[in-house]
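Here the protein sequences line up with chains A and B, keeping their order. Numbers 1 to 624, taken from my numbering, label the letters of the first sequence in order. Numbers 1001 to 1499, taken from my numbering, label the letters of the second sequence in order.
Among the clues, some could well be false.
What the hints assert, rightly or not - Cross-link-like lysine to any residue pairs, in silico, SDA-like; alpha carbons within 25 Å at most:
#, chain 1, residue 1, chain 2, residue 2
1, A, Lys29, B, Val1377
2, A, Lys116, B, Ala1465
3, A, Lys112, A, Met26
4, B, Lys1188, B, Val1490
5, A, Lys116, B, Asp1443
6, B, Lys1455, B, Lys1188
7, A, Lys572, B, Ala1303
8, A, Lys572, B, Phe1223
9, A, Lys112, B, Ser1373
Hints in this document: simulated from the structure, not taken from any laboratory. Being a predicted model, the structure only gives us computed values, none of them experimental.
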Amino acid sequence: MAHFALLILIAPLIGFLFNAVNGSQMKEKAIGGVATAAIVVSFISTVVCFFQLLGDSNREVTVNFFTWIHAGTLTVPAAVLVDPLSITMCLFVTGISALIHLYSISYMHGEKDFRKFFLYLNLFVFSMLVLVLANNLVMTFVGWEGVGVCSYWLVSFYFDRDAAASAGKKAFVYNRVGDVGLLVAMFLIFSHSGTLTYLTIFSSTGSFSPTVATLIVLSLLLGATGKSAQIPLFNWLPDAMEGPTPVSALIHAATMVTAGVFLLVRMSPVLALSPSGRTTIAVVGALTAFVAATVATSQRDIKKVLAFSTVSQIGFMVLAVGVGAYSAAIFLMIAHAFFKALLFLGSGSVIHSLHGEQDLRKMGALAKYLPLTFPTFLIGWLAISGIPPFAGFWAKGDVLTNVYAHNRLLWIFALATAVLTAYYMSRLFVLTFRGAERFREVTNGEDPHESSWMMTVPLVVLAVLAVLGGGIDLPWVHNHSLASFLEPTFGAVPAGASLSVATQWGLSIVDIAAAILGLMVAFSIWRDKHESSTFEKNFLEQVWHWDGFYDATIGRPLTASARVGYAVVEEKLIDGAVEGVGALAPRMASQFKLLQTGFVRQYALAMVLGIALIMIYLVARIGF
Amino acid sequence: MMHSSWWLSALLLVPLFGIALVLLVRRRPGASYVAGIGVATVEMVLSIIVAWMYNPNISRTGIDFATRHVISAPLGLAYDVSLDGISLLMMLLTSLTLLLALIGARDKRREPALISWLLVLTTASMGSFLAHDLLLFFLFFELTLVPSYFLISQWGGAERIRAAMKFFVYTFVGSVPLLIGILFLGFKNQHYVRGALDFSYTTLSSVSLTHTASVVLFCAFGFAFAVKAPIWPFHTWSPITYAEAPTAGSIEMSALLAKLGSYGLVRFAIGLFPLALNDMRPIVLTLAVIGILYGSAMACVAADLKRVIAYSSVAQMGFIILGAISGSKIAMIGAVLLMFNHGVITIGFFLLVGFIEKRRQVNTIKDLRGLQSSAPVMAALFTVVLLASIGLPGLSGFISEYLILLGTFATHAWWAVFGALGVVGAALYWLWVYQRVFHGQADSKNREIEDVNSKERWVLVPVVALILVLGVFPRPAIDKISPSITNLIVHVSQAGASK
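Looking at chain A on its own, in the form it has when it is part of the complex (with noise of 0.2 Å):
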């Protein structure tokens, strides 16, 4: 186990170093090859430890490479912890990285920066195992924030683009803030418990008292609501769109942007200490699945939409660790990885047949131009929606029930998410494959054409998995699912009420009509039309003007303040004072003259004088 689990690790670091030292010489497809294969090599080293694991009695393996901090009583090795949370994140984090990495090779063909970007990529899956296999949170706090800068560097990939440059920096900067928390909850850990392993802490949870517990999850919330992109904290990941579509698959809806849900399961052995603390997180998960369901709807680009819908289903994730439905929230988070991936790749393939068009205006009709993106596509949207028998359906129904058991006003929101779900991803393939051509103009009249295989296969195999994936945990399946797998590494939670199992049927009934609803409503309004300014608020593709207010309460009077804070309290206060003092000694005010006369010198020559006027007083004082 422990070779197999270095080699998960390390194999997309060997991948960026081996690109890093030779890749200028090499072609392409040489260096797109090695960074895939690379990955390749790290998803058949997670099958293999799964398969270890399932097979072992003690599914909570530490392997130790080195102490990498001591200093004092704090000990931080340089450790992983395969367990079944883990190892489930690995599959689906190296399995997509390595269909998105194959996708890539076609798609970045022919940049400027083709190497500099597959190693920016090697190094994001890298420090994303380490986010996912740390067994201690100064560990996964290292994956934390190299996946931010891989994010930070990936974003801002089309540097000399202002809008990228600036996305890039605003993602960093957010999610900076948000790991001020992270850090807050490490201190209080520590100060607590005195370390930082997993394990231990988990094990010691009786030295946390209730109010330290909620601080703590409360903190950690802060930082989730940074990386996973949720209110206060979520208007980063729109802007982050900007970088290459295949990053945003990968890193911004598939794996980055979940690693706050999969840090909150992590603690979910501390956030069972905290009642008031989870509840704040549903509320937080609940209002954002909504907020940016309502925004998702009126936006014109495709991969805005795209990422609203990402916001919003992340918001779906946190709901569910907040009512510690823990297996449920990683439930959808790989049914999302599957069918979102999909969705941004085949989007990705849109808007590459289209020239780099995103705008939604300037699509429809391309169902007949793509003929498999299309019926990929088509899955896509439909496992989104929510409509049985694909995973996006078992998956939020999962959430739906878990949630309806805990809080009934929470489930209201959360449908009430679930039709607006439906309703703008309809919108979406609706304005994307139907209706109208209204792309001759961005296309100088030619007919889009599909992309090479290399971007298709991903888009098939994600296809099937969206399709399947709702089998790794069927309700009615019990003992052999992917509940009963992670079950052992959560932290108990009170169960909400419990549920007959003709309401579960209802519940599900429900579900598929909300879908429906929303589907409807959708191709009834975007049959024949594409733009609505009934149906497409201005408020709503505002995003609630939210960007505007932390500009006009934060952003503005902080730079405004640093501005005043140097022309008057840095230059007037302390400098003035500081020169005023000067100013006050006699010899200042000659100081010049003086130092034209070699001020210096008759200093050095004063000092030695002094000097030795303090020695013979001290010598005269005392004698011989």
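Here the structure of chain A is known, so what remains is to put chain B in place on it, guided by the hints.
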């Protein structure tokens, strides 16, 4: 068996011999440069050997290589040097700074004189870090002013005279109370033991002081070190000085001389006046946190790259002071590590800004744009240094900053929480600077700049290597620091208990 103190004497003497060598060959063009680099290399190798030999467990106090020769008993003047875990990294930093400043920030104007001043500065700062006697420390501490003054005033930018003057007067005034404090302690001890005048640290740290005297002396020492570091609000000499000094001077002052302030605080102010800590700690902690946040804010609005580094250093020194004064062992280890790491990072920044200045003749942010297109390697190197500075885990800056905040939180939670906001600040100002300088479309002046050449790359290799190695394998360094910190903390707590 303690190691011979001749190793330390050699560290002090090599630069002085180097001056003689440089002046001997000064007429031959370029020879003084080669001689200077040769001397700096010898010094570097010596430092590495000493660091490798240093055994932290050789004595209870972690002191090795110690010796004491009384030069004049009635004057209390003694040659008293030693090395412990706190001075170890500073010794290495002194040699490293000299070597990289010489190679990376070459200035051909009156080169022999420039190199000689750098060598004087090296002996002076090396002496300050190695001195175990307060009078000797003070002499070396003051001696650093003279070469710094000449470096700024002779090789600096347009406003060099004003900058040099401000630097000189400010830091000189700062050290007056320090001298008075040292003399007071010496007399007090002499009066008490009725023996010879003795300024040895060991002797003076056992002088029993009233609470009031401790506080007053802490302030006297603290003022000198606060100006040197600089700690907010005594920092206003630093932006203009760093901006106007030649690159080699900026490197020496920010990477090295600033550490004299924090080093002095840890070694002398805390070590000698533990009784003052209860009263002074909240004040110093607050100044440190203000420094972190204020420095970050000023770095956001600073107009040129050297001023950004200056204000960033104010923030980083805030972190160092926060950890140093917190009373937590973890945080103090972090503070000592950060002194070294910040030194290395700042060398990297100033070298890179020097490279930009060499190509564009300016370092004002508004005149630079889109450099990443034409100079991708320079951009990559800048990114590494920048990420280390904002504390990206895996790079050296993180470990030190993290230990400081984690340790401080345990003893003074709120200060640590506000200090942690500096983590956001650093990301904000550095990424904004990076965006304005390296991102975007380059205009005609910035489009054609040449990327870093192979020599410039090699100069940055040690910087990048140290950033990576100390980020991933900090253990050897921490293990050498730890015993001395433990000793200091025990000393401080015993003094508190015996009161």
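Would the hint linking Lys572(A) and Phe1223(B) be met if the CA-CA limit is 25 Å? Holds: Lys572(A) and Phe1223(B) sit about 21 Å apart, inside 25 Å.
Pairwise hint evaluation, Val1377(B) against Lys29(A), where the allowed Cα distance is 25 Å at most: Roughly 23 Å between the alpha carbons, so the hint for Lys29(A) and Val1377(B) holds.
Are Lys1455(B) and Lys1188(B) close enough, with their CA atoms no more than 25 Å apart? 55 Å, violated
Lys116(A) and Asp1443(B): Cα distance at most 25 Å? Given pair Lys116(A), Asp1443(B) holds - Cα atoms ~24 Å apart, limit 25 Å.
Has the given pair, Lys112(A) with Ser1373(B), been kept, meaning a C-alpha gap of at most 25 Å? 10 Å, holds
Hinted pair Lys116(A) and Ala1465(B), Cα distance within 25 Å: Answer holds: Lys116(A) to Ala1465(B) is near 21 Å, not above 25 Å.
Is the Cα-Cα distance between Lys1188(B) and Val1490(B) 25 Å or less? 24 Å, holds
For a C-alpha distance cap of 25 Å, please report whether Lys112(A) and Met26(A) respect it. 14 Å, holds
Sort out whether Ala1303(B) lies within 25 Å of Lys572(A), counting only the CA atoms. Answer holds: Lys572(A) to Ala1303(B) is near 17 Å, not above 25 Å.
Checked against the numbered hints listed earlier, the structure breaks hint 6 alone; every other hint is satisfied.
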